[in-house]
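*Asks:* Chains A and B supply the protein sequences, listed in that same order. Just so you know, we're using the working numbering here: the first sequence kicks off at 1 and counts up by one. Just so you know, we're using the working numbering here: the second sequence kicks off at 667 and counts up by one.
Keep in mind the hints are simulated off the structure, nothing from the lab. As the structure is a computational prediction, the values presented were derived from the model and not from experiment. The beta-carbon is built from N, C-alpha and C at its ideal position, and this holds for glycine as well. Be careful, since some hints might not be right.
Covered by chain B, per the in silico footprint, the following chain A stretches (three or more residues, Cβ under 8 Å) [what the hints assert, rightly or not]:
id	region
1	351-359
2	371-383
3	403-417
4	466-477
5	499-508
6	559-565
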Amino acid sequence: MSVAAMAVEPAGPKPGKLTAGRIGIYAFLVVSALFFLLPLAVMILTSMKPMDEIHNGNIFALPQHPTFDYWVKAWSSACTGRDCYGLSPGFFNSVKITVLAVPASIALAMINGYALCFWRYRGSEFLFTVLVFGAFVPYQVLVYPIIYALSRVGLFGTLPGIVIVHTIFGMPILTLIFRNFFASLPVELFKAARVDGAGFWGIFVRIMLPMSLPITVVAVILQVTGIWNDFLFGLVFAGHDNLPMTVQLNNIVRTSTGTVEYSTNMAATILTGLVPLVLFRIGQVVRAWHRRGRGQGVMPMGATNSSVVVREVSLNFGAVEVLKSLNLDVRKGEFIVLLGPSGCGKSTLLNCIAGLLDVSGGQIFIEGRNVTWEEPKDRGIAMVFQSYALYPQMTVEGNLSFGLKNARLPRDEIDRRVKRASETLQIEPLLKRKPAALSGGQRQRVAIGRALVRDVDVFLFDEPLSNLDAKLRSDLRVEIKRLHQRLKNTMIYVTHDQIEAMTLADRIAVMRGGIIQQLDAPHAIYARPVNRFVAGFIGAPGMNFIDGTIEEAGGKPVFRAGDARIDLSRYSFEGRSEAGRKAVFGVRPEHVATGEAASAMPFSAEASVEIVEPMGSDTLAWTSLGGQNLSMRADSEKAPRPGDRIRIGFDPGRASIFDAGTDMRL
Amino acid sequence: MAAKPRGSLLTSAIVQDAGIAEGRLQSRARRRRQLGKLPSIIGTLPMIVVAVGVFVIGLSFTVVLSFTSSKLFPTFNFVGWYQYERLWATARWVESVKHIWFYGAGQIGLSLVLGFLLAVFMDQRIRGEDTFRTIFLYPFALSAIITGLVWQLMLDPIWGLQAAVRSWGWTDFKFAPLASGETALIGMIVASTWNGVGVTMAILLAGLRGVDSEIWNATRVDGIPRWRTYLWIVLPMMRGTVATAVILLLVGVVRTFDIVIAMTGGGPGISTQMPATYVIDSINARNVGHGMAAATCMLLPILALILLQVAFRARANRRATAR
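Isolated chain A, as found in the complex (with noise of 0.2 Å):
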């Protein structure tokens, strides 16, 4: 199947385009702001027309003659009564109730937070539910209490009662605020803190404040606004005097005599509105640059097959190049497995060749169909999760059933998949249980399940196993390898433990940097890496890289590293061997042998042991060569002690060499 008989045009739509949906998008989202802009706009064009305007034209006429006389007569010398003082006393007002109250219920509202979270005391969880329970009550259940209260000390109706009244009601929302965010803090802070020796009001105001500025900025603009738009306080302890603008600007509208004087009612309202739609925008800024302060995420990333090939697919976000032109060609019923440490593309390449994340560049066939821009759905494959993705309020049964229904099979057939799919894992007591009730490893299980009765070519996994303790992950990672014997899918399989790799694998793809290493046979992977970081990323416990050079002592080439000289006659260099390059000799510890076995080796010198590490089947024994590290794997029953003077010997034939500069094999 070459590339070139493959159909040249992608199928599927190329995304980016304006379609009639994303029109209808759009559509909605804009009828939407129509509504929520319409009275704004009409207290604002309404507060700039006279009279007769507003009686001649409809509410949403431009203003012929725009005026802003009603704005300072709103402001300045429209009557409350018999007052025609305008809305301007309401306004200082507000601002002394505002600058008085905010400060107090958020200095209190601090240190209830930091007290809650770092210094509980006996009562001090009962007293915080006591208080959130208050943010729930109806304000007027406890205005004639908090009346009768402020009258007995002589406050009701002053200045100091309504700054108490705004203290107390503001006081749950905000102390949940600041719990929550002092809950967020790492408590090791605190307690060096307290290491330090510092106190309460110590760790309080040098260590606690200093970082809560943020929150503290929300919590204001939370309180000011609450305040400046309270209405019914204010009318009811704020007393004559003190009106805040919100009980003024009634009042003007209630004043009016005769026909509505729209226009200053509506200059009014805006004037009174000014504040807090300041503050929100304010907010708004504030919360955009917080978030390009966090940055963006780093998506997964993933894996082909032959039955499914790759073409110099590549993958940007944004600047980061993700996928470097990557080439990949999977046989049909090959298994291929996507290793790699976390960050280099494995889960990407997967979810480009299911269609989850568009490709930059390239293209992707499967089965000998282009399905670059296709949906996942139409590409024939499934997938299988790392978090499982079941949907929790499904049974087993309706998850593994969903989307043959959403595909409109008949009820027969769906019924025989999920009957046949259940029978091959093993799950059907299980199908009529919901994903919770149901362990990690059944729900693996069930999400393989899924997968299956796709009856689908290409099987992808996104690091299915990760999420299992390492017994069941053992357990699964059989009975995927038998299903794959059974099926004989195509399967492309992203993990970053190389024991799954190298048992399940008919071939390794070793990716970093967003290409591949080296595609092989795990077997070929582990004896012949391409480069270092293949040789060191691959085998457990890692290989040994001792630095030297290659010499040449009687025409063969020799290895030399400090006072050890290694013959090269049994190693099979890839290219010419150059003398008096720098270079890197490779030793796994499992080929390093001791005792009678090292003097058989065509390689063998003397060493002390410096550590041994128990690792149970064997056991890691730590020598030098050539004044450099060197480990090597002895029978436990039979381990070297640390300070024993043995002899190892290894066959370089088995071993690796690689370029000092360019890290490539030799």
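Given the coordinates of chain A, assemble chain B onto it according to the supplied hints.
*Replies:* What follows is chain B alone, placed relative to chain A:
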């Protein structure tokens, strides 16, 4: 063997001695630890006063007064259920309760549906998301008084929306709900939804974005249409978020006061009176005992909500331990 009892006696004496010393150290440490909490208790004194003084004692005061014949000042002349009997025999109160049910159902329903729609549309990787968000949210920054006044103008039969649409040629267009007692509540629902739906949208949008992205990937592989995924998979997964939105809306509805004053003043007639206005009016009318009975009735749905939540949590805990 013979020496053993003496030996053990000796050891036990030492142990006892050490035990006393230990106990003394322990109690001293305990005292010190309690002393260490003292600044915390002092620092949170205002919270103690508010929690106990206002939310416990204040509420109890309201409930106790509802069983008295208090007029302007509290008296403790207990009259049993008299105030409640009179309350539920008062047409204005009974109407107010009917209004709050209608208004609450309408506003919460409309806010949820519109809020969810907006959230879903906002979630389509649209351009200008921040602009739309600002537009949908800004009314919430405005007070209910402002909301009420603007919408009063918008819905004015002579100068408002109705007149404007008619002047464009659609002469039998009718939308002036505030003019009639039968429809005035609808006008109020529209206005308060305009004011608050942005918040519902923001909450639901956050919930949508919190859904595991692998679920989305799974539905795409399964070929499930997006709208169906939203409705049958994502929405049920967001139960918690929806509950939060509903609770916030509900608390707001029970408190409804300002918007009534600004928009209709309770009229036409008593068609937009609410329990909250009834309570305040009763206090103003120097009929405190009666008003407190009404206030206590307002507290009931909130108490029911809290009990419901406690029950839900207890059930969840039982389930968790049963597993």
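*Asks:* Hint by hint, say whether it matches the structure.
*Replies:* Hint by hint, here is what the structure shows:
1. Counting residues of the region 351-359 of chain A whose C-beta lies closer than 8 Å to any C-beta of chain B gives 4; at least three are required, and the coverage claim holds.
2. Under a criterion of three residues with beta carbons nearer than 8 Å to beta carbons of chain B, the stated coverage of the region 371-383 of chain A is upheld, 7 such residues being counted.
3. Three residues within the 8 Å Cβ limit are the bar, and the region 403-417 of chain A against chain B gives 3, so the coverage statement holds.
4. Residues of the region 466-477 of chain A lying with their CB closer than 8 Å to a CB of chain B number 0, which falls below the three-residue condition for coverage.
5. By the rule of at least three residues with a Cβ nearer than 8 Å to a Cβ of chain B, the coverage given for the region 499-508 of chain A is violated, with 0 such residues.
6. Requiring three or more residues with a Cβ within less than 8 Å of a Cβ of chain B, the coverage given for the region 559-565 of chain A is violated, as only 0 such residues are present.
Checked against the numbered hints above, the structure breaks hints 4, 5, 6 and satisfies the rest.
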